[in-house]
Amino acid sequence: MRIKVKVLIIAGLCCVVTVITAATSINKPTDDLYTNLQVLPKDISKKDLQKIMVDDFEDALGVSCSFCHTQKNEVGDLDFASDAKPEKQIARQMLRMTLNLNRDYFKIETPVMGATGNVAVTCNTCHRGDTFPEEGGGVKN
Amino acid sequence: MAQYRPVDQGSTIKFTVQNFGFDVGGSFAGLHGTIDFDAQNPLNAHFDVDIDANTINTDNSLRDNHLREGAYFDVKKYPRIRFVSTNITATDKKGILLFTGKLTIKNQTKDISFPFQAIQSGDDFLFRGSFKINRKDFGVGGTSTISDNLEVQLNILARKAP
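If you read the protein sequences in the order shown, they are chains A and B.
This note's numbering numbers the first residue of the first sequence as 6 and each following residue consecutively.
This note's numbering numbers the first residue of the second sequence as 526 and each following residue consecutively.
Note that these hints are calculated values from the structure, not bench results.
Honestly, I wouldn't trust all of these hints.
Straight-line distance between alpha carbons at most 27 Å, and here's what the computed BS3-like set of lysine-lysine pairs gives [to be verified]:
#1 B:Lys-539 <-> A:Lys-11
#2 B:Lys-618 <-> A:Lys-93
#3 A:Lys-11 <-> A:Lys-47
#4 A:Lys-11 <-> B:Lys-657
#5 B:Lys-657 <-> A:Lys-90
#6 B:Lys-657 <-> B:Lys-618
#7 B:Lys-661 <-> A:Lys-47
#8 B:Lys-618 <-> A:Lys-90
#9 A:Lys-90 <-> A:Lys-77
#10 A:Lys-52 <-> A:Lys-93
#11 A:Lys-77 <-> B:Lys-539
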């Protein structure tokens, strides 16, 4: 009987550890190494990075990954680390501007974008789904 | 004076403009027109060359489509960009000539002047030069993150007309 209880307790603890590990790993830095992050935190989680790419860039600008990321082969795979396209440099500069706006004008001491973000001004504040918003009512994608 | 025709193959018409402080490059094609040129008498040369505004290529199809629209090149209404020389003069540098003429974009014509070289290659000539323009002089785009001034680099291969 005692052995059965011990086994059950150990099994239960293993389950708890497994569930906690799984839950916390969702928002932990990915094992994948991001080799060229210059504005976003180098230890950003996969979830945060994807949210910024999808919600802040793709949805707010109406673009897809290849707008900023260059192709690395003829099949169309993208080289996410490459800075070959000027659009990526421009995106970084826009990101710096957005973070600075939040810090300097909205007094958010440490502005963070992404799933756990706290920013008042986002890409969408100006872009509104428009890749080129400068003329107002430009291309809607 | 021999007559030549500009051809796309072997030619490049490139531009560089800053967007948000970063250099962005692009190109045009669709060369057409006539060039009267005699290497022995280059000051009598005459250029009348146009390119297809719809061929604009900045390696970004979304942006290219945007640049084809009314606020920028308005290619449906103004499909050609045209260079016409009014005067070719010598410079104090050997082998460098000065092109003076008219550049027309979006039906707006401005005087333009820039040095160029004529490099003979067999029966053909490669005309090479570059100049700076203000896009707003031609009504190309309004206030934006794109700088007003841009540089155009021409390498135009001209084949002897049959």
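Hint check:
For the proposed pair Lys-539 of chain B and Lys-11 of chain A, the alpha carbon gap of about 76 Å is over 27 Å, so the pair is violated. The hinted pair formed by Lys-618 of chain B and Lys-93 of chain A fails the criterion: a straight-line CA distance of about 41 Å is larger than 27 Å. As the CA atoms of Lys-11 of chain A and Lys-47 of chain A are separated by approximately 43 Å, the hinted pair breaks the 27 Å bound. Between Lys-11 of chain A and Lys-657 of chain B, the direct Cα distance comes to roughly 82 Å. Violation of the 27 Å bound is thereby established for this hinted pair.
Note on Lys-657 of chain B and Lys-90 of chain A: the hinted pairing holds, with a Cα-Cα distance of about 23 Å set against a maximum of 27 Å. Straight-line distance between C-alpha atoms of Lys-657 of chain B and Lys-618 of chain B comes to about 20 Å, which keeps the hinted pair within the 27 Å bound. Between the alpha carbons of Lys-661 of chain B and Lys-47 of chain A the distance comes to roughly 41 Å, so the proposed pair goes past 27 Å and is violated. A hinted pair counts as satisfied when its Cα atoms are at most 27 Å apart, and Lys-618 of chain B with Lys-90 of chain A does not qualify at roughly 37 Å.
Proposed proximity of Lys-90 of chain A and Lys-77 of chain A is supported: the alpha carbons are some 12 Å apart, at most 27 Å. Note on Lys-52 of chain A and Lys-93 of chain A: the hinted pairing holds, with a Cα-Cα distance of about 20 Å set against a maximum of 27 Å. A threshold of 27 Å between alpha carbons decides the hint, and for Lys-77 of chain A with Lys-539 of chain B the separation of about 24 Å falls inside it, so the pair holds.
Checked against the numbered hints above, the structure breaks hints 1, 2, 3, 4, 7, 8 and satisfies the rest.
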